[in-house]
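The numbering of the sequence shown is my numbering, which starts it at 19 and goes up by one.
Derived from the structure by calculation, the hints contain no laboratory data. C-beta: ideal position from N, C-alpha, C; glycine also. Do not rely on the hints blindly, as some may be mistaken.
If you anchor each label on the Cβ, the simulated ranges turn out as follows [to be verified]:
id: 1; residue 1: 100; residue 2: 74; range: 21 to 31 Å
id: 2; residue 1: 94; residue 2: 56; range: 16 to 26 Å
id: 3; residue 1: 107; residue 2: 129; range: 43 to 53 Å
id: 4; residue 1: 63; residue 2: 123; range: 22 to 32 Å
id: 5; residue 1: 153; residue 2: 107; range: 15 to 25 Å
id: 6; residue 1: 85; residue 2: 142; range: 20 to 30 Å
id: 7; residue 1: 32; residue 2: 62; range: 15 to 25 Å
id: 8; residue 1: 65; residue 2: 163; range: 31 to 41 Å
id: 9; residue 1: 110; residue 2: 63; range: 57 to 67 Å
Lysine to aspartate or glutamate pairs mimicking EDC-like chemistry, simulated, CA-CA at most 20 Å apart [as the list claims (entries may be wrong)]:
id: 10; residue 1: 99; residue 2: 112
id: 11; residue 1: 99; residue 2: 77
id: 12; residue 1: 99; residue 2: 75
id: 13; residue 1: 99; residue 2: 88
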Amino acid sequence: MAHRELEDLQEDHRLLRARQDQLEEQAIELMEVAEPLAAEVARLDTERAEHQARLADVEAVIAVAWSEIDAQIAVEDAGRKVAASTVDEGTLRDYESLRLRHGGTGAARLNGARCEGCHLQIPPAELDAIKRSPEGTTVFCPQCGRILVR
Numbered sequence: 019m020a021h022r023e024l025e026d027l028q029e030d031h032r033l034l035r036a037r038q039d040q041l042e043e044q045a046i047e048l049m050e051v052a053e054p055l056a057a058e059v060a061r062l063d064t065e066r067a068e069h070q071a072r073l074a075d076v077e078a079v080i081a082v083a084w085s086e087i088d089a090q091i092a093v094e095d096a097g098r099k100v101a102a103s104t105v106d107e108g109t110l111r112d113y114e115s116l117r118l119r120h121g122g123t124g125a126a127r128l129n130g131a132r133c134e135g136c137h138l139q140i141p142p143a144e145l146d147a148i149k150r151s152p153e154g155t156t157v158f159c160p161q162c163g164r165i166l167v168r
């Protein structure tokens, strides 16, 4: 091997060694950065697992609540059907129409001189006519039109 070739090989070796040192330093720097990040990732993974467990608990509570609500709705619907079967068809039609028009409330309690549906006072003459109407007669609020329950 010629002296020049040996010098070239030694220079290549020196350059490769310098590059290796540089890469090792970069690797150490990256490990120093990665170590706390790995710890943070582990902490966040644990936190996420805790949140997912809490979410599952809340979702289970919500599912139970919805089941209870659905069961209560079924009970109320059955009771409503029984009650509706005792009401004549014309009054029931009026009630359903009023219920749709007034956001789900087709009837309201008469509390003194006030309709609990619209919360307005019924004028004395109209209130007197309502009170004199025979029991079982369907009476309506002159203000909002809801069926009044006496």
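Status of the hints after comparison with the structure:
For residue 100 paired with residue 74, a C-beta distance near 39 Å fails the hint of 21 to 31 Å. Between residue 94 and residue 56, the C-beta spacing of about 56 Å breaks the proposed range 16 to 26 Å. Taken as a hint, the range 43 to 53 Å is violated for the pair residue 107 and residue 129, whose Cβ atoms sit roughly 28 Å apart. Separated by about 51 Å at the C-beta atoms, residue 63 and residue 123 break the suggested range of 22 to 32 Å.
Taken as a hint, the range 15 to 25 Å holds for the pair residue 153 and residue 107, whose Cβ atoms sit roughly 20 Å apart. A hinted range of 20 to 30 Å for the beta carbons of residue 85 and residue 142 is inconsistent with their spacing of about 50 Å. Restraint check, residue 32 to residue 62: a C-beta distance of roughly 45 Å breaks the suggested window 15 to 25 Å. Between residue 65 and residue 163, the C-beta spacing of about 57 Å breaks the proposed range 31 to 41 Å.
The supplied range of 57 to 67 Å is met by residue 110 and residue 63, whose beta-carbon atoms lie about 60 Å from each other. Restraint check for residue 99 and residue 112: the C-alpha separation of about 16 Å stays at or below 20 Å, so the hint holds. With a CA separation close to 32 Å, the supplied pair residue 99 and residue 77 exceeds the 20 Å bound. Distance hint between residue 99 and residue 75 is unfulfilled; the C-alpha atoms sit about 36 Å from each other, more than 20 Å.
For the hint linking residue 99 to residue 88, the alpha-carbon distance of about 16 Å falls within 20 Å, and the restraint holds.
Figure legend: structure checked against the earlier numbered hints; hints not met, in rising order: 1, 2, 3, 4, 6, 7, 8, 11, 12.
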